[in-house]
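Visitor: Fit chains B and C to the known structure of chain A by using the hints.
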Amino acid sequence: MDFGKNTPQRPGGLKQCFVSALLYCTGEMQQLHTHMQDKFFPLQLVEGCLRGISRVILLNNPLSGALILAALLLESPWQALLGMLGLLASTFTAIILGQDCEEVSSGLYGFNGMLVALLMGVFSSAGDWYLWLLLPVCLGGAATTFLSSSLAPVLDRWDLPVSVFPFNTVLLLYLVCTGTSNPFFPNHPAQPPGAPESTNHTQLHVPQLLQGVMLGVGQIFACGTVGPSLLILVAVFLFSPILAVYALLGSGISTIAGLSMSVQHSFLYSGLSGFNGALGCMVVGVFYILSWRTHLLSIANALLSAYTDIALSNLLGVLGLPASSWAATLTGTLVLLLTGKNLKEYRIPTGKVTSPEQNLHSHKQWSAANTNATDV
Amino acid sequence: MDFGKNTPQRPGGLKQCFVSALLYCTGEMQQLHTHMQDKFFPLQLVEGCLRGISRVILLNNPLSGALILAALLLESPWQALLGMLGLLASTFTAIILGQDCEEVSSGLYGFNGMLVALLMGVFSSAGDWYLWLLLPVCLGGAATTFLSSSLAPVLDRWDLPVSVFPFNTVLLLYLVCTGTSNPFFPNHPAQPPGAPESTNHTQLHVPQLLQGVMLGVGQIFACGTVGPSLLILVAVFLFSPILAVYALLGSGISTIAGLSMSVQHSFLYSGLSGFNGALGCMVVGVFYILSWRTHLLSIANALLSAYTDIALSNLLGVLGLPASSWAATLTGTLVLLLTGKNLKEYRIPTGKVTSPEQNLHSHKQWSAANTNATDV
Amino acid sequence: MDFGKNTPQRPGGLKQCFVSALLYCTGEMQQLHTHMQDKFFPLQLVEGCLRGISRVILLNNPLSGALILAALLLESPWQALLGMLGLLASTFTAIILGQDCEEVSSGLYGFNGMLVALLMGVFSSAGDWYLWLLLPVCLGGAATTFLSSSLAPVLDRWDLPVSVFPFNTVLLLYLVCTGTSNPFFPNHPAQPPGAPESTNHTQLHVPQLLQGVMLGVGQIFACGTVGPSLLILVAVFLFSPILAVYALLGSGISTIAGLSMSVQHSFLYSGLSGFNGALGCMVVGVFYILSWRTHLLSIANALLSAYTDIALSNLLGVLGLPASSWAATLTGTLVLLLTGKNLKEYRIPTGKVTSPEQNLHSHKQWSAANTNATDV
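Residue numbers (the UniProt record's numbering), protein chains in the order written: chain A, 1 to 376; chain B, 1 to 376; chain C, 1 to 376.
The shape of chain A in the complex, shown without the other chains (with noise of 0.2 Å):
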């Protein structure tokens, strides 16, 4: 459906076109990428940039990467121009190493990028606006797509997505090579979840893990706070409400499985403990056409991310450093591998990917026409 066509010739007035509009804005935004294509190169990457940054939490809309930008602003402009610097490198890299026009269109080396240089300064101890920082967040992010764009040929014969596996590598071996007494660049030692606290005897407060399932979507892109996280809902639920809906399932999971390993309660309020489970569960929810099989599958697969995230934290801890979302990233390698032949059906292969609903959509008329067939 193009907006630009649909509006003048049919006058339905002002709910017809909010409509438009609003089919317009989500899923993929396809019409708007075709439409980019013969336009002016800034404008191109700006869409570019935008869809990159949706691309962190396995959207692809350039819309809701704008929404994100617009949290992370709200949560912290340092944060938010680390990260634009952190994508802009990736691009650029992707841009001199050749890449492939479209992929690097379509924000798929710049994410990774974004989301190293949102860590680097989220355990940054030098304190905001310290400049130095700017460098290694422009080596980091041109880091991923070296990593993005040699990894891409191994995981590429079992049919994988890179996903963020160049992000949790680079910032992995970046913290460990500053440390956290580095003169130059210092850091935040992170904590294992596991450790005993003595806040842990207290009382469960039930809004506030409540609150924490919510802020586990805000955390993959290392927002504690409540506007971010429901800005950052919001842009999901925008390109698809599935996801949104698998997004808040696999934070709720995860906090469950948090529970029951009882980990510190700061970490399942601060939502820190809730978003490898919401990736997990939405990973299964963007490669897999929906139906009960998969919903189970993205359960299950949720639950196996979140312990894997604590048993990774506790290892990772002893040398204070994070396990990001090793787990999330991992699980979801695995579960697209999965070879059973009651979910082998529903896998999506990578390249065809869209929104959930678009997928349904697709796979809803092809059985159909499937049916006629077998029927005449």
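Source of the hints: derived by calculation from the structure; they are not laboratory data. A couple of the hints might just be wrong.
One copy or two, either will do: identical chains are not told apart, so a pair holds if it fits within one copy or between any two.
No farther apart than 20 Å at their CA atoms in a straight line, the calculated lysine to aspartate or glutamate pairs in the EDC-like style are these [as the list claims (entries may be wrong)]:
1. 341 - 103
2. 344 - 102
3. 344 - 100
4. 344 - 156
5. 364 - 128
6. 341 - 102
7. 341 - 100
8. 344 - 103
9. 341 - 38
10. 344 - 128
11. 15 - 103
12. 344 - 38
13. 39 - 103
14. 341 - 128
Guide: Relative to chain A, chains B and C alone:
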């Protein structure tokens, strides 16, 4: 040779009947398997589960599985219960995922779950009959099937079996996730073998050392007492006498390797330093046709596996974690990848592996046929 | 150009003769290799071993190997003996396994064994001429060949060389296995480079820093003195002057990276912070055709390799373990996987790698031929 048919046809007395029964029970018991295919589902499941138990130690024989189950019951009924639960959890997960029926019924999806369950019980410091443990045992068993199903397409590219990678991964994650001071699922910490011990300065007790070699075979199932270890050795002997020799040989070599690195005497006496070598030796026995070259290879792999085990145990022991059978799994996988032409001709493709005796027999027949063909 | 034929044919005096001799000795010395093929086996073995020594530093020239051997003898005769033993152990293991003859005689199965042996000697705290060390050196050398033979089919899928993965793996396992307090094979612990040091507050000594850049080339063979390092640099120059420049450039970049992370001055002065960068830079020089794009890539890879080395050294240093050349091996492997079209056209297939000069020459000829063809 079909047991059911042979006994009435040839009235050769008790001895003949006994030999037939023995031949029927040894090796892969393929007749039972084909016989079972049109039987009642629970009976098939029982056969599959018993085969699964035997798969842990590279066998494929339901009677061996029954013997091992008896050994486990003798060692500790609680452990045996946990093991069976893990086995069932992982087998049912495989059925739900829709894995290949033939693979499920031959026990390929059970043994990892069983091992995880057994070792969860061994490391739990909550005591026997702590019923809450049934929960992680079921989840852990299901997780191994996920991993098996996901790793299969990756390893299959190089014709490698999934082996016990899922068990090792899930056990490590579980132990890191829960730790030693978890209020619900506390664990014993694992001791590194290289830690200096005051008793190490005492004289080496040779009979205990020899007993340790035998216990090394039992330690594959975490059995540290003589009776069950002997039963397990009998189970191996029933499937293949060659493998039983290899198991003891590997355990012996591994113990010598332990002595050369002066590991704690308690490790040598308990068989803990023997079981990786035993498995490493057996892998070569199962996947290569017996000859003096592959015999040397099995000794080399037992050594490599033993030293790797000491290294990994020292490394993971720093964090109080066990190296379980990582060493044998890794070196076993490497040995199957060897490209030298002196060994490659003896390698049996993963799908065609049976008992060493059967392999040897088929190979001799094939060689004889080839020689005759070239003679004429 | 064939040395044996040319000298009698052209009586151009001493200068011509010297140039011919020089041309014969530089590059891959392919003539010697073909000349050797019908010679006595021990002579072939000597040539193969000398090539193996030079392979460590990405060369393929027996004369360079001889020069490096001289450097090692100058540094420490005991180390040189260990290195030769490791080289022989791994080469003979390759012959026993039946690896490809051509590969063995070109030294592909020797360099990992040699490096393991050298580093075992360096880390041993039992002093020189501790003859028991010959035992693990032989076993370690043999183990590297096992690993080389096993990793080859896996890495070959992506046209990657085995490189020094076996050396790094075996060395790490050996050091973890023995530890610092082993009664038979005690080791020195490795120091992390990031540890704060009182002397770090003193002024940086620039001449020592520049000397450290040069020592970085020697540290590839664990040589920490000026004379042997210079000899090794000459050996590189003999094979390819371009590579010699790249080695120094990489070491320099690596030292700057070390300064930016404020590693201990002793690391900078001893060349320990330089050798991974040197290797990282040389990898690009060997596997890519020289151009300004690949020149930038070599600088980027040297930086990446240097920072990765600091990170891994800090991480492994917690356990008293060295990062050896893991960083250069990992980043070097990633660089060979890059998919960007601006670089892919310059990548030389692993089987066709010769010296950078030869690669450049072939590429120019090929380009010229192509241009002529399109002109006509």
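Visitor: Since the copies are identical, ignore which copy is meant and state whether residue 341 and residue 128 lie within 20 Å (CA to CA) inside a copy, between copies, both or neither.
Guide: Answer is neither; intra-copy 51 Å and inter-copy 38 Å both fail.
Visitor: Cα distance capped at 20 Å. Does residue 341 pair with residue 38 within a copy, between copies, both, or neither?
Guide: neither (43 Å within a copy, 22 Å between copies)
Visitor: Within, between, both or neither: how does the pair residue 344, residue 100 come out at a Cα-Cα threshold of 20 Å?
Guide: between (29 Å within a copy, 12 Å between copies)
Visitor: Cα distance capped at 20 Å. Does residue 15 pair with residue 103 within a copy, between copies, both, or neither?
Guide: neither (36 Å within a copy, 58 Å between copies)
Visitor: Give the relationship of residue 344 and residue 38 under a CA distance limit of 20 Å: within one copy only, between copies only, both, or neither.
Guide: neither (38 Å within a copy, 27 Å between copies)
Visitor: Between copies, within a copy, both or neither: which fits residue 39 and residue 103 at Cα up to 20 Å?
Guide: within (17 Å within a copy, 54 Å between copies)
Visitor: Up to 20 Å between alpha-carbons, please classify residue 344 paired with residue 103: within, between, both or neither.
Guide: Between copies only: 17 Å across chains, 26 Å inside a chain, cut-off 20 Å.
Visitor: Using 20 Å as the alpha carbon limit, work out where residue 341 and residue 100 are close: within a copy, between copies, both or neither.
Guide: between (33 Å within a copy, 8 Å between copies)
Visitor: At most 20 Å between alpha carbons: which applies to residue 364 and residue 128, within, between, both or neither?
Guide: This pair counts as neither: shortest intra-copy Cα distance 50 Å, inter-copy 52 Å.
Visitor: Quick one: residue 344 to residue 102, C-alpha cut-off 20 Å, is that within a copy, between copies, both, or neither?
Guide: between (28 Å within a copy, 18 Å between copies)
Visitor: Pop the pair residue 341 and residue 102 into one bin, within, between, both or neither, using alpha-carbon distances up to 20 Å.
Guide: Only across copies: residue 341 and residue 102 sit 13 Å apart there, 33 Å inside one copy, limit 20 Å.
Visitor: Please work out whether the CA atoms of residue 344 and residue 156 approach to 20 Å or closer within one copy, between two copies, in both situations, or in neither?
Guide: Both: 17 Å inside a copy, 17 Å across copies.
Hints 5, 9, 10, 11, 12 and 14 from the list above are not met by this structure, while the remaining hints are.
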